[in-house]
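**Student:** Let chain Z serve as the given structure and place chain B on it in line with the hints.
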Amino acid sequence: MIIHGLRISLALGLLLAPCIASAQQLDNTQIMTTLGQVKAAAPAVDVALLVEEANANVGKGVAALPNWSKLSELSQLIVEIDFENNSTAIAPKSYRTVGLIADALHHPNLFRYKFLIVGHSSATGTAKHNLELSQKRADAINEALSTTFAVSPDRLFSVGAGEEWPIDPGHPESADNRRVQLINLGLLK
Amino acid sequence: MIDRVGIFAGTALAAFLALTAVGRADTISYADAVTTLAKECGADIKKFCNGENLGNGRIQACLEKNASKVSPTCTSTLGSVMTSVAQRQQAQASVFKVCQHDISQYCNSVKGDGNILSCLVETTRVDNKACNQAITDAGWR
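Protein chains in written order, with full-length UniProt numbering: chain Z, 1 to 189; chain B, 1 to 141.
These aren't lab readings, by the way, just hints derived from the structure by calculation.
There may be inaccurate statements among the hints.
[What the hints assert, rightly or not] Computed spacing ranges between beta-carbons, pair by pair:
no.: 1; chain 1: Z; residue 1: Asn-85; chain 2: B; residue 2: Lys-129; range: 48 to 58 Å
no.: 2; chain 1: B; residue 1: Asn-108; chain 2: Z; residue 2: Lys-128; range: 54 to 64 Å
no.: 3; chain 1: Z; residue 1: Val-38; chain 2: B; residue 2: Gly-79; range: 38 to 48 Å
no.: 4; chain 1: B; residue 1: Thr-73; chain 2: Z; residue 2: Asp-46; range: 39 to 49 Å
no.: 5; chain 1: Z; residue 1: Gly-59; chain 2: B; residue 2: Ala-130; range: 51 to 61 Å
no.: 6; chain 1: B; residue 1: Lys-39; chain 2: Z; residue 2: Pro-66; range: 42 to 52 Å
no.: 7; chain 1: Z; residue 1: Thr-33; chain 2: B; residue 2: Glu-122; range: 44 to 54 Å
Heads up, the beta-carbon is just placed ideally off N, CA and C, and yes, glycines get one too.
Pulled out of the complex, with its shape left as it was, chain Z reads as follows (with noise of 0.2 Å):
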């Protein structure tokens, strides 16, 4: 069950020079080990704020905005989901990412937390329609995870970033910017 091409980032406070283990093996154990670790001080984020910073700033990068740079203080994991071309439909090839973020967030150790999916792309395109596709193709994982995986809707939320923060800025259209992210936003209030 090798999964190809799976890279799992284990940042937490590094997001901008993340460690990534290429075509490593990902499974639940590592997902909750690395989502469940949570710092007291961790700030609090607001998705409605970071889709606003998003919009406002196309083109100009998100990872410096107030509310975005928030998220490099916390908890999270960088999964590969490939979708088609265009297109929000998850590739039937990463349906068992899917699946293994569904069974870490089913058990017991993560069920208090709640999580934001981030889509992001490469920069091949308009950075508008890579903006709205990155947050369509977030809602698509989502609404997966929600309903097909029956995890509760009040502990997801999904934002996209576009081209907008890359993991390998040097190469803005490398296929290693297209990735989701998946960030412990705290406990369930």
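**Tutor:** Positioned in the frame of chain Z, the structure of chain B alone reads:
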């Protein structure tokens, strides 16, 4: 604890009840369930359900709508995958209730669902069959 509502409530619940009546099969994880679905139905999904998403039962509905054209292996896989997902959901929703007695007996001072589960896994392996089975079916050991 989080209240989970079965998504495939209709047919899948019926399938679940039918399955429990004839004896239990082990449940599989969501990941294994959809991996099987992708393997056995991936070609049919690309052919008949292009652009459809996994959410809201759309892939399931599309494969069912095209049942006459979809491969028999895919159709049977879809049924067993949905049954397994429903069975695991059912188990996950029931563990803390089924294990209530054991929790108060062995894990009374333990706080937090994750810690209570660890405590149960440590202590109930030998004595409470129903609780043990629920933890196994939930995929939590």
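**Student:** Compare the structure with the hints numbered earlier in the document and write down the numbers of the violated ones, lowest to highest.
**Tutor:** 7
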